[in-house]
Amino acid sequence: QKEVEQNSGPLSVPEGAIASLNCTYSDRGSQSFFWYRQYSGKSPELIMFIYSNGDKEDGRFTAQLNKASQYVSLLIRDSQPSDSATYLCAVNPNYQLIWGAGTKLIIKP
Amino acid sequence: ETGVTQTPRHLVMGMTNKKSLKCEQHLGHNAMYWYKQSAKKPLELMFVYSLEERVENNSVPSRFSPECPNSSHLFLHLHTLQPEDSALYLCASSQEQGTGGSGELFFGEGSRLTVL
Numbered sequence: 448q449k450e451v452e453q454n455s456g457p458l459s460v461p462e463g464a465i466a467s468l469n470c471t472y473s474d475r476g477s478q479s480f481f482w483y484r485q486y487s488g489k490s491p492e493l494i495m496f497i498y499s500n501g502d503k504e505d506g507r508f509t510a511q512l513n514k515a516s517q518y519v520s521l522l523i524r525d526s527q528p529s530d531s532a533t534y535l536c537a538v539n540p541n542y543q544l545i546w547g548a549g550t551k552l553i554i555k556p
Numbered sequence: 097e098t099g100v101t102q103t104p105r106h107l108v109m110g111m112t113n114k115k116s117l118k119c120e121q122h123l124g125h126n127a128m129y130w131y132k133q134s135a136k137k138p139l140e141l142m143f144v145y146s147l148e149e150r151v152e153n154n155s156v157p158s159r160f161s162p163e164c165p166n167s168s169h170l171f172l173h174l175h176t177l178q179p180e181d182s183a184l185y186l187c188a189s190s191q192e193q194g195t196g197g198s199g200e201l202f203f204g205e206g207s208r209l210t211v212l
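Protein chains in written order, with my numbering: chain A, 448 to 556; chain B, 97 to 212.
Derived by calculation from the structure, the hints in this document are not laboratory data.
Be aware that a few hints might be false.
[To be verified] If you only want the chain A side, here are some residues facing chain B, beta carbon under 7 Å, derived:
#1 S477
#2 F481
#3 L493
#4 P540
Ideal Cβ placement from N, Cα and C applies to all residues, glycine included.
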């Protein structure tokens, strides 16, 4: 069965530090990888996607993909209290997304 | 105005009731989805309408019935639900290219369902 694994957390990070969120997946044929952010009581919103091995940067966010090791990570630099949310990893091996259960991130002022 | 709107936002129903959830997308997308979100569990895909075809998760009970009259509207009809069906039901839309899912979904705010 295709799976996406994330540490449920909560991951507590001081304001201004780097938050590192990790995700592993089981299907080696996976082609595209997504990070969604979900604030409490809100719906998920896409913040990053990555298709190729290596890093992809967008502002304070960097997605890292290592297909050989089957993991994808999200780094948040200069963490802000507004980054406190649950981060969902999703993987697209064929047509439909396979989702992780999410990591709850808490940024402490 | 959000791109994907869901109504009602909250619904409480008994096990013998029949109700419907409604979703409308204003983004011009060609695919719409129903997801179930339960605490500490991955999003569960229930139904997809994409490029005029319906794809469903075979594990979804028949007490959930989708309807997609056009590319902008999606319904989830509920009947004879069980307490374990209590969850957040999320509608989403995306623009598919026909070669596979893009993964770029736009979600509505969700309908919080409680079954008594």
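Problem - Hint check: 7 Å Cβ-Cβ cutoff, L493/A to chain B - result: Given a least distance of 6 Å, the restraint on L493/A holds.
Practice task
With a cut-off of 7 Å on the beta carbons, see whether S477/A makes it to chain B.
Solution key: Violated, about 11 Å.
Exercise for the section: Under 7 Å, Cβ to Cβ, is where F481/A needs to be relative to chain B, so tell me if that hint holds or is violated. Expected result: Nearest chain B Cβ about 5 Å off; hint holds.
Handout entry: Interface hint status, P540/A versus chain B (Cβ within 7 Å)
Key = violated (10 Å)
This entry does not satisfy hints 1 and 4, going by the numbered hints stated previously.
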